[in-house]
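Undergrad: Read off the chains here:
Number of protein chains: 2
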Amino acid sequence: MNDVSAPTRLFLRIWFGKSAMFGPGKAQLLEGIRDTGSIAAAGRLMGMSYKRAWMLVEEMNAAFRAPLVESVRGGPGGGGAQVTETGILVLSHFRAVESAAARATADDMAALQALLADQTKVDISGGK
Amino acid sequence: MNDVSAPTRLFLRIWFGKSAMFGPGKAQLLEGIRDTGSIAAAGRLMGMSYKRAWMLVEEMNAAFRAPLVESVRGGPGGGGAQVTETGILVLSHFRAVESAAARATADDMAALQALLADQTKVDISGGK
Chain S
0 MNDVSAPTRL FLRIWFGKSA MFGPGKAQLL EGIRDTGSIA AAGRLMGMSY
50 KRAWMLVEEM NAAFRAPLVE SVRGGPGGGG AQVTETGILV LSHFRAVESA
100 AARATADDMA ALQALLADQT KVDISGGK
Chain V
0 MNDVSAPTRL FLRIWFGKSA MFGPGKAQLL EGIRDTGSIA AAGRLMGMSY
50 KRAWMLVEEM NAAFRAPLVE SVRGGPGGGG AQVTETGILV LSHFRAVESA
100 AARATADDMA ALQALLADQT KVDISGGK
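Residue numbers (numbering that gives the first Met the number 0), protein chains in the order written: chain S, 0 to 127; chain V, 0 to 127.
Source of the hints: derived by calculation from the structure; they are not laboratory data.
Note that this is a predicted model, so its numbers are computed, not measured.
Incorrect hints may appear among the rest.
[Unchecked claim] On the chain S side, residues computed to face chain V include the following (Cβ under 7 Å):
| hint | residue |
| --- | --- |
| 1 | 9 |
| 2 | 46 |
| 3 | 50 |
| 4 | 63 |
| 5 | 103 |
| 6 | 119 |
By construction, the Cβ of each residue, glycine as well, lies at the ideal position given by its N, Cα and C atoms.
Extracted from the complex, chain S is given alone in its bound form (with noise of 0.2 Å):
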């Protein structure tokens, strides 16, 4: 998740209250299941046991007015996962947060990079 390629960047979550969270993580978990159409592959792509892949699934499915993820029976591989239409609506408002953030926050972000320790600088472009 903290990959060097993308220098200086914003992580971001929401909460919603105390209990419910979404981020970066079970965006790319709904998108792993929506292109794998397996909650254990979607898991396995990142590193993830198939226990905690479920486990965030059901966060998901709770927190939310209706399922994000279903399952899908039959089919050759004996039935899997698929992303719903309120899972795609949830993911691409995330996404569009991250990338509104990001556009209003460049310039201060720029200043930030600027402050920045040589070393911290030598760091980010992946001297270290």
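Since the structure of chain S is provided, determine the placement of chain V on it from the hints.
TA: This is chain V only, laid out in the frame that chain S set:
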């Protein structure tokens, strides 16, 4: 940090490469040092040990091109700490990033909030 008075909200951290991070905790600590003139007192306000507050200050001082916090000798309390010009600058850019991001993402945040389950909405309004 998860104040229910701001129901649906962004939690935002800035990463500089892989190693250096600035987020709400460090911002609050700097503000505490600015207001109290003491690292220990600022840490206590946040329920943080002196050791941890010092560690965070050292991290910040190392990450930027000039220290964000410096010690002050003498005075009635036997010396304390103050936030430097660079510290004030970093703090103000961070708070500007937070408010610009909040403004730019308000519509998508409202759309996400509208998709929440009733129970999550109850949690948000403090009914939990």
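Undergrad: Are the hints correct? Go through all of them and say.
TA: Taking the hints in turn, this is what the structure says about them:
| no. | hint | in the structure |
| --- | --- | --- |
| 1 | 9 | holds (6 Å) |
| 2 | 46 | violated (17 Å) |
| 3 | 50 | violated (23 Å) |
| 4 | 63 | holds (5 Å) |
| 5 | 103 | holds (4 Å) |
| 6 | 119 | holds (5 Å) |
Figure legend: structure checked against the earlier numbered hints; hints not met, in rising order: 2, 3.
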